[in-house]
Amino acid sequence: EAGVAQSPRYKIIEKRQSVAFWCNPISGHATLYWYQQILGQGPKLLIQFQNNGVVDDSQLPKDRFSAERLKGVDSTLKIQPAKLEDSAVYLCASSIAAIDTGELFFGEGSRLTVL
Amino acid sequence: AQSVTQLGSHVSVSEGALVLLRCNYSSSVPPYLFWYVQYPNQGLQLLLKYTSAATLVKGINGFEAEFKKSETSFHLTKPSAHMSDAAEYFCAVTTNNDMRFGAGTRLTVKP
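Order-wise, the sequence lines are chains A and B.
Read left to right, the first sequence gives residues 1 to 115 (our numbering).
Read left to right, the second sequence gives residues 1 to 111 (our numbering).
For the record, the hints were derived by calculation from the structure and aren't laboratory data.
Cβ atoms here follow ideal geometry from the backbone N, Cα and C, with glycine treated the same way.
Any given hint might turn out to be false.
[What the hints assert, rightly or not] Covered stretches of chain B, as calculated for chain A (at least 3 residues, CB under 8 Å):
hint: 1; stretch: 45 to 51
hint: 2; stretch: 92 to 99
[What the hints assert, rightly or not] From the structure, some residues in chain B lie toward chain A, with a derived Cβ separation under 10 Å:
hint: 3; residue: Val4
hint: 4; residue: Gln6
hint: 5; residue: Phe34
hint: 6; residue: Tyr36
hint: 7; residue: Gln38
hint: 8; residue: Asn41
hint: 9; residue: Gln42
hint: 10; residue: Gly102
hint: 11; residue: Ala103
hint: 12; residue: Gly104
The shape of chain A in the complex, shown without the other chains:
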């Protein structure tokens, strides 16, 4: 079974530039998550999709971050304009359904460095 795919693995940009990350979840997984993991910290949820609808985006900085999940499969996370504090690993995860009793499957992450 193929895992969660993410690209690019690494990205270096200057502040005020824009960047986009792509995620392809495990086939059949209805729920998709984007987490931000800053060095030395645990992952923090940015946004959760159930199929192509947003379940929770309360921690997404909406002035600069946006995400979409067209057709309920792939998802894209965009940052525009980037700030220095956005340097982090962006993790995509998916699950079959609700996560309370289930398991999240994570991709390898996209490491962003903002200079």
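On the provided structure of chain A, position chain B as indicated by the hints.
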């Protein structure tokens, strides 16, 4: 909101020694608790989970954790550390589909 606190950002043990990684949770409702492991440059992988069944939970790679409600703890243990256990370990709690992670504990295994 629920949260977890991992005591000790770094733990170092010798190969063959006991591994103990500490996690305390805070939740106003019965929680579901998880331990995830992250190897360098990889995503997180589930080690084990507590979902209100048995309080002693066994996971992969010889790890286990015990849910203690009276102590609000969910510590992770392994009787004998192996070099391949060196990684970052994250405790997580969910209620109402909102998963919160601890800051992580980096485990170093010395030969």
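Quick rundown of the hints versus the structure:
1. 45 to 51: holds (count 4)
2. 92 to 99: Since three or more residues must qualify, the claim that chain A covers the stretch 92 to 99 of chain B holds, with 7 doing so at under 8 Å.
3. Val4: holds, 8 Å
4. Gln6: Result: holds, 8 Å to nearest chain A Cβ.
5. Phe34: It holds, given that the least Cβ distance between phenylalanine 34 (chain B) and chain A is near 8 Å, below 10 Å.
6. Tyr36: holds, 8 Å
7. Gln38: holds, 8 Å
8. Asn41: holds, 7 Å
9. Gln42: holds, 6 Å
10. Gly102: holds, 5 Å
11. Ala103: holds, 5 Å
12. Gly104: Hint on glycine 104 (chain B): holds, closest Cβ of chain A at ~5 Å, below 10 Å.
Consistency with the previously given hints is maintained throughout, with no hint failing.
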